[in-house]
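Trainee: Those protein sequence lines, which keep their order, are chains A and B.
Take 1 as the starting number for the first sequence in our numbering and just add one per residue.
Take 301 as the starting number for the second sequence in our numbering and just add one per residue.
Since the hints were derived computationally from the structure, they do not count as laboratory data.
Nothing here was measured: the structure is a model prediction, and the numbers come from that model.
Where is the CB? At the ideal position from N, CA and C, for every residue including glycine.
Keep in mind that a hint or two might mislead.
Under the rule of at most 30 Å between Cα atoms (straight-line distance), these lysine-lysine pairs were calculated in the DSS-like manner [as the list claims (entries may be wrong)]: (1) A:Lys259 - B:Lys553; (2) B:Lys439 - B:Lys553; (3) B:Lys377 - B:Lys439; (4) B:Lys427 - B:Lys546; (5) B:Lys439 - B:Lys427; (6) A:Lys259 - B:Lys546.
Label-pair restraints from in silico Cβ distances [unchecked claim]: (7) B:Asp448 - A:Gly227: 56 to 62 Å; (8) A:His213 - B:Ala527: 52 to 58 Å; (9) A:His213 - B:Gln604: 18 to 24 Å.
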Amino acid sequence: MNICVAGAGTIGSLLAAHLGRVTDVSVLVRRADHARALNSDGLRVSGRADFTARVTAATDPADLPSPELVIIACKGSDLEAVADRLRGEFDGATVMTIQNGLGAEEIVAARGDWPLLSSVTFMSGTRHDDAHVEYILDTATWIGPYRGTTPADARAVADLVVTSGLKAEAFDDLRPAQWSKLIFNATVNGVAALTGLAHDYRFAEDPLGPLVHALVDEGKAAAAAAGVELWEDPWEMNLLATQRGFRHSPSMLEDVRAKRETEVELINGSLVREAQRLGVDVPLQRTVYALVRGKEASYT
Amino acid sequence: MRVCIVGCGAVGSLFAANLARLDDVEVWAYDASREHVDAINEQGLRLSGAGEVVGRLRATTDAAELPPCDYGIVATKAMHTDAAIGATAHAFADGYVATVQNGLGNEETLAQHVERVIRGTTFPAGKILEPGHVQWDVKGDTTLGPYDDRTPLEVVETLADACTRGGMPTHAVADARGPQWRKVIFNASTNPIGALTGLTHGRVCERPDLRALVSGLVDEGKAVAAAQGITLDADPEELIDHAAQKHIAYDHKASMLQDVEARRQTEIDYLNGGIVRFGREHGVPTPLNQAIWALVKGVEQSWQQ
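Chain B extracted, bound-state conformation:
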């Protein structure tokens, strides 16, 4: 089996290095960072933290070098999906492309470039320490499912099995929208609140007025999911309270807060923006998500003034 990781940042690297441990999987990585790609080709891709792994794989910044692949795993930030799959689509002419990205709308973007798409959502997280070296912060499950009937479940099961054998526990399910929407609702209801206030997850949750705002955002997300017939696999509220505990993620700065502090474009269009968009399509009002979306867009605009 040949797999290409499209976007070999922190999450992409977790999949790339772990899959590269398997004898029956040939791993390629496509990434825009020349330094990261060179380091991977010279010394392998190293993970440390939650697991110590050195994966041997081929990395490239030049999509033309990619051979035909059985699977793609797209792990770019959501705003780079279109460019990344546009450049690499030729490698998946006969293959299947999975997304493990944050947010809503990635599958739709992939389907504009490739025939067969796998919906996915993943919880493991990390950060790039230096080129070729990634800190593995959090282990967690991944869920994959067919995007539409052009992708048979057995094909998804084969990829999930490889990920699991490599050390990334992955489930194949007929409808992956439940886990995806649970994670999107969690992220959309907490990340921007951290980004707008500067507070960690735990401190957001211990302020009653902000915790009530989080619940208001969750309720809108749940209504949009319900209108599409999606059954969430768990209540995002539980995940939010669980993460707020001192020993879990009380001190965690949401990735969007890190983006704002570094003045990097955020994924707001694919989180709250996605909930607003799907809500509009299904006639569900989402005034709070719309307000939060507009405020974070305003934050991004302020960097240009």
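Looking at chain A on its own, in the form it has when it is part of the complex:
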């Protein structure tokens, strides 16, 4: 099986390297020096695993072997640009999105008639350089059908990901899991980005705990209005994550520290817009959304 990973940030690098141990993997990147580094050095993983995988990398989809599966692993803020480059390419391949938030599938669906899988991931790492990623949190990736795919297709990809050494689980309907993660991310990433706090016990105690709880409650009200029965309670996810003793810096916090554009539109923006469409008032989520956007505006 030939797999193309489009976008080699932290998540893309972790997937490409692991899958590269069990099947042929190509990587689509934006920069020529990034492609050169991967082609000459391979892709090194440290942390929870320690190996270097051989991958084929290019900046142009036409230079890559024709894949059966494409995993678009770029950040949500780059998704439109990456999806634009795939337009007209990789005919017959199944395409899987893995971005945070809601709406990634629609963005890709509008640019081609590939069969689509949806996924969300909880794993995390740190990208040290173009050809070296550290695997930190070995939490799962959840995969489900979206358009023109079946639960069996999702299971096949999940099995392959598991074989490669990562954790994955297939769902017949991903929306309950996706909404759980959306509410969790909108709340935890937003609060972390605004306060500068890594995700730790303070998100469950005074003075921030009650705010985190209230933000989660607003998200749950929106999910209920959407007819989604959540896979996991995002407040319980918050408690569990803060109890494991590891102080994770959410990507949105990393982004504002580096004064980079964040994923606030795909995460908080999509939650607020979806709630509005459903007629659910989410004043606190709206507050976090407006404040993070304001913080982005302050870079310039």
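Given chain A's structure and the hints, the job is docking chain B onto it.
Mentor: Okay, now just chain B, sitting in the frame of chain A:
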């Protein structure tokens, strides 16, 4: 008349130096900064900017040196009120103590240490340039009023008259809560938004989503004021839009943003925290002020991680 300024930072220095110009007022200043106190005693307290003043006064870091005073004017940051009045209360055993501090709850703290308290709110602003020298940025009015019936209005009028003669226009009113709450609501609805985003006042106001958040905070503050029977002397919204103009305070970085950039403890407990506290006492929900309070507390916590 003998007046002691308790906390001789920027705002305290404006009162101290201006009052010291009057022949009938003896001014003392109590401050924690040894350098500032020494400079004041050696060269006088100098203001420049909106007014050029050199005031001659006695400054000390040792509260035991203070003689009995007719009036105190407390101008510390709100989180230092308790320590400052605790140290100096003996000087006001027969006097009256006014607060010109930001936020809510200062009068209550003063009343735990001294008998007679004067509520106050002030708009002039400045910053310390160097020890003994303060930049006077903004002129503005001060309003004073009795905290309770242990302070007669005439006593407040005497202090207001001295401040006005010294160059700090001051009104004495029977109920100073209106101007105080207008300023608190203004500060609580704008300062933390600047502090959390890094944006100046003008840039906060030109973003529709943030301007709507500011109005949401103002509305909660107004509801808490109304529940206590307080009539605001003006609409904080007008002050907010006025300040957002290019030639007024568009580029102003809120003091709380300056605090956050310097990693100094903010006055959030006395602004949004105060609105939440008074709201709870009067059964008025304040979810947005509570959220903003928690976020800024989180920012303060992040400096310890």
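Trainee: Could you run down the list of hints and mark each one as holding or not?
Mentor: Evaluation of the provided hints:
For the hint pairing Lys259 (chain A) with Lys553 (chain B), the CA-to-CA distance comes to about 19 Å; that is within 30 Å, so the pair holds. Only pairs whose Cα atoms come within 30 Å are accepted, and Lys439 (chain B) paired with Lys553 (chain B) is accepted, the gap being roughly 18 Å. For a cut-off of 30 Å, the pair hint linking Lys377 (chain B) to Lys439 (chain B) stands: about 19 Å separates their Cα positions. Taken as a hint, the Lys427 (chain B) and Lys546 (chain B) pair is honoured in the structure, with Cα atoms around 21 Å apart against an allowance of 30 Å.
Only pairs whose Cα atoms come within 30 Å are accepted, and Lys439 (chain B) paired with Lys427 (chain B) is accepted, the gap being roughly 13 Å. The straight-line distance between the Cα atoms of Lys259 (chain A) and Lys546 (chain B) is roughly 26 Å, inside the 30 Å bound, and the hint therefore holds. In this structure the supplied range 56 to 62 Å holds for Asp448 (chain B) paired with Gly227 (chain A), their Cβ-Cβ distance being about 57 Å. A beta carbon spacing of about 26 Å between His213 (chain A) and Ala527 (chain B) contradicts the range 52 to 58 Å that was offered as a hint.
At roughly 23 Å, the beta-carbon separation of His213 (chain A) and Gln604 (chain B) lies within the given 18 to 24 Å, and the hint holds.
Hint compliance for this structure: hint 8 is the single one not met.
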